[in-house]
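Colleague: As a plain string of letters, each chain reads:
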Amino acid sequence: MQAFMTLRIALRALARNKLRAFLTMLGIIIGVGAVIAMVAIGEGAKSTIRAQIAALGTNVLIVLPGSNVQGGVRAGFGNVNTLLDSDAKAMARELPSVAFVSPVLRRQDQVVAGNLNWGTWAQGVAPEFQQIRDWQVAEGRFLHEGDMDSAAKVAVIGQTVARQLFGNDDALDAVIRIRNIPFRVVGILGAKGQTGQGTDQDDTIMIPYTTMQKRLMRITWVQSIVVKAVSAERVEEAEEQITLLLRQRHRIGPEREDDFNVRNLSDIAEAATTTARVMAVLLGSVASISLLVGGIGIMNIMLVSVTERTREIGIRMAVGARSRDIMLQFLVEAVVMAATGGLIGILLGVGSSEVIKQWAQWPTLIDPAIIAIAFLFSGAVGVFFGFYPAKKAANLDPIDALRYE
Amino acid sequence: MSELIRVEDVHKTYRMGDVEVPALRGINLTIEHGEFVAVMGSSGSGKSTLMNILGCLDRPNTGKYFLEGHEVGSLKPDQWAYIRNKRIGFVFQGFNLLSRTTALENVELPMMYNGFAGQERHQRAIEVLSLVGLDKRLDHTPNQLSGGQQQRVAIARALVNRPSLILADEPTGNLDSATSNEIMALFQQLNTGQGITIILVTHEADIAAYARRQIIFRDGLVISDRVSEQVIAKMEH
Chain A
1 MQAFMTLRIA LRALARNKLR AFLTMLGIII GVGAVIAMVA IGEGAKSTIR
51 AQIAALGTNV LIVLPGSNVQ GGVRAGFGNV NTLLDSDAKA MARELPSVAF
101 VSPVLRRQDQ VVAGNLNWGT WAQGVAPEFQ QIRDWQVAEG RFLHEGDMDS
151 AAKVAVIGQT VARQLFGNDD ALDAVIRIRN IPFRVVGILG AKGQTGQGTD
201 QDDTIMIPYT TMQKRLMRIT WVQSIVVKAV SAERVEEAEE QITLLLRQRH
251 RIGPEREDDF NVRNLSDIAE AATTTARVMA VLLGSVASIS LLVGGIGIMN
301 IMLVSVTERT REIGIRMAVG ARSRDIMLQF LVEAVVMAAT GGLIGILLGV
351 GSSEVIKQWA QWPTLIDPAI IAIAFLFSGA VGVFFGFYPA KKAANLDPID
401 ALRYE
Chain B
1 MSELIRVEDV HKTYRMGDVE VPALRGINLT IEHGEFVAVM GSSGSGKSTL
51 MNILGCLDRP NTGKYFLEGH EVGSLKPDQW AYIRNKRIGF VFQGFNLLSR
101 TTALENVELP MMYNGFAGQE RHQRAIEVLS LVGLDKRLDH TPNQLSGGQQ
151 QRVAIARALV NRPSLILADE PTGNLDSATS NEIMALFQQL NTGQGITIIL
201 VTHEADIAAY ARRQIIFRDG LVISDRVSEQ VIAKMEH
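Protein chains in written order, with this note's numbering: chain A, 1 to 405; chain B, 1 to 237.
Incorrect hints may have been included.
[To be verified] With a Cα cut of at most 27 Å, we get these calculated BS3-like pairs of lysine-lysine:
1) Lys76(B) - Lys392(A)
2) Lys18(A) - Lys357(A)
3) Lys391(A) - Lys64(B)
4) Lys153(A) - Lys89(A)
5) Lys86(B) - Lys76(B)
6) Lys153(A) - Lys192(A)
7) Lys86(B) - Lys64(B)
8) Lys392(A) - Lys86(B)
9) Lys391(A) - Lys76(B)
To be clear, the hints were calculated from the coordinates, so they are not data collected in a lab.
One chain only, chain B, in its complex shape:
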């Protein structure tokens, strides 16, 4: 396994009016290719800030962020957009699909920003929708899909440009437990089957239990980083 992410002494402070709120106070972290990491912590612990930095959406005040060996923390916004498009897939708690837009078009969206031809884009979008088990729902819009199905569309969208990293921010937060388990099983399958690195933010221990490695944040610092031997088995069938 080779190194995918290296974070070196990252600090981030938000300014709220006159008050400075420290969000990250010196984070050091290395994540290898193919890992499945759960990031846990109470709200305000800094886990969302780290996710934003890892997702090239936000800039650390100090410290360095290497993605696949390249320092990306200080790149320009357009370069970030390119990295987000090519290297990173996002899965959000609220699904964040375009409304009144079919599943197929939602999945095609990332490919619209990197010059895929129409036919190729179509093929690839159908391919990943099949992978998440939605090949019968191509023409459904989000409001015609259940929460679990919507999240599958979002996962398909995250996968479509073959990223090396998926960042999932509370992906099961809006789902019931049965559907949550299905989604987590899908993540596991993508991790073991496709070798995709997954970083998952959650505050539920039973969801975090799907991940091999669990990192716990508190007050802008990593207070626990452990690799568990017992991982919830991938659902058979």
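For reference, chain A alone in the conformation it holds in the complex:
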């Protein structure tokens, strides 16, 4: 029997019990829809994390001052002033696994230009900071070594700051004031956009760290040191070398705790990615179970259908249908139900992931491969769960089937 005719017979049989067919399909619809939506949510989370990692700069370590122990009271990190810019210089000089090093000092300040002012984060950094964080310079230049040595009153400003203070006017070579100290704008950074948490990375202003130390903060230490390792493979090596070097420089005895802390950003990023992946797998497998349940629903209804239509099967056999014609008829029916359910489920899944994106502000990402897999899988569910009922129909004895009431 031709494929087209088999399909027509199957469609007609389903059309006779529209509500039943729909309810049967519902299991698959929900299953496929859930798989697609869940995977989209998981993938979205993963890509967000990946973007965050890229924003942090790759292969980056952050060295923070350690906690202060006084009479058994342990304060949090960053409470002692143990890190110096000479530590940063030593790392750059002595450690082969380290590519770039920059001290970092941050404070929130009100920046004034003409009659406008804007509150933003001022960062005191070294020229290497550009390579560590992968900053582009849109106009002018970045800070250079000469600025460090002279504690020059120069600044490189982010796109947001430039827009807030200068609008469409040219900011280059303009003068801005931080705590009444005039800084000349020598460069404007390229746009980086928001981080995953929604922090505007362009809302910043960078000045030489020496200027920050001497003119703004009046301190001799640094708040943190950011380090870029030579390669991803050597991040851990760099971590170890930094620890050794700093213990030595800070003269920490063998049994004493570090007075600094080295944080590996790629570890954090990796953990986050793993979490996202685990979540995607978990959500996906829960959704797959509902697909399985949908398949069982199809099998159930097909078994009912075979029993109900025993006489029809007998008639078809009497007029010349072979076992495989009967088998194919019921199998096609199951597959049509599963595949139709799959298609509707795909629409539902794509639709709901769009809704989640729009209303819950959760980034979702739909991989076309997932759609293809979901569709093929729902078809496979139809074949798998339709097989037994179809086989049962095909194995009926025509005499018994004709006599069936």
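Go by the hints and put chain B onto chain A.
Modeller: Positioned in the frame of chain A, the structure of chain B alone reads:
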């Protein structure tokens, strides 16, 4: 006339739990092309079992069944399906039409299993429905048709692949006597007009009287096989 059916020493025993029930106990039978045979007997006499074997629906335990010279009793199920499709037309007591399916589609059904193209199938189905006088009822479903009309659709379905043999199992069992006579007249007309061999199972003597040859079963054996000279005349008009 040439030989259509030859049954040689056919035995059939059914097993009901532990009990063996003999249904056929050595049947020998020859039926020629163009015969009109009525098979009679009380229930349990073995006539239905014989019909199942003749219809390639059931297998004898021992013995041979030749259809048009070929031994078919021991063929495989798919080969049987082919024979049922091409050589045999079935007419049942309960009509056995597909419900919610039009007369035309019911008649087309056997042709769906042997690769007729759509247009050809349509033409042929209309042709046989006209032959049984239902060319005005093509789009009616079984529940829109009377019992007699339903049986005509079933007969049209049996005829559609031009079989050499029609097996009718109590075809008038569900019909009133007037309609029964119409149906029997149709069978007679097909037998004499088209030369189709008809084997009819009935337990009513007046229905059997339409057939030229009457075979009577009892306890799995043929106890009477006679050709009557007086056959009820085909209705004129």
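Colleague: When you check the alpha-carbon spacing of lysine 86(B) and lysine 76(B), does it fall within 27 Å?
Modeller: 15 Å, holds
Colleague: Given the proposed pairing of lysine 392(A) with lysine 86(B), does the C-alpha separation stay at or below 27 Å?
Modeller: The given pair, whose Cα atoms are some 26 Å apart, holds under the 27 Å limit.
Colleague: Mind checking the alpha carbons of lysine 76(B) and lysine 392(A) for me, to see if they're no more than 27 Å apart?
Modeller: 19 Å, holds
Colleague: Taken at face value, is the distance from the CA of lysine 192(A) to the CA of lysine 153(A) at most 27 Å?
Modeller: Roughly 25 Å between the alpha carbons, so the hint for lysine 153(A) and lysine 192(A) holds.
Colleague: Can you confirm whether the C-alpha distance between lysine 153(A) and lysine 89(A) stays at or below 27 Å?
Modeller: Within the cut-off at roughly 22 Å; holds.
Colleague: Given the proposed pairing of lysine 391(A) with lysine 76(B), does the C-alpha separation stay at or below 27 Å?
Modeller: Distance ~18 Å between lysine 391(A) and lysine 76(B) Cα, so the pair holds.
Colleague: Tell me if the straight-line CA distance from lysine 391(A) to lysine 64(B) falls inside 27 Å.
Modeller: At roughly 30 Å apart (the allowed maximum being 27 Å), lysine 64(B) and lysine 391(A) break the hint.
Colleague: Keeping to a limit of 27 Å between CA atoms, is the pair of lysine 86(B) and lysine 64(B) held or broken?
Modeller: 21 Å, holds
Colleague: Hey, lysine 18(A) versus lysine 357(A), does the alpha-carbon distance stay inside 27 Å?
Modeller: Answer violated: lysine 18(A) to lysine 357(A) is near 33 Å, above 27 Å.
This entry does not satisfy hints 2 and 3, going by the numbered hints stated previously.
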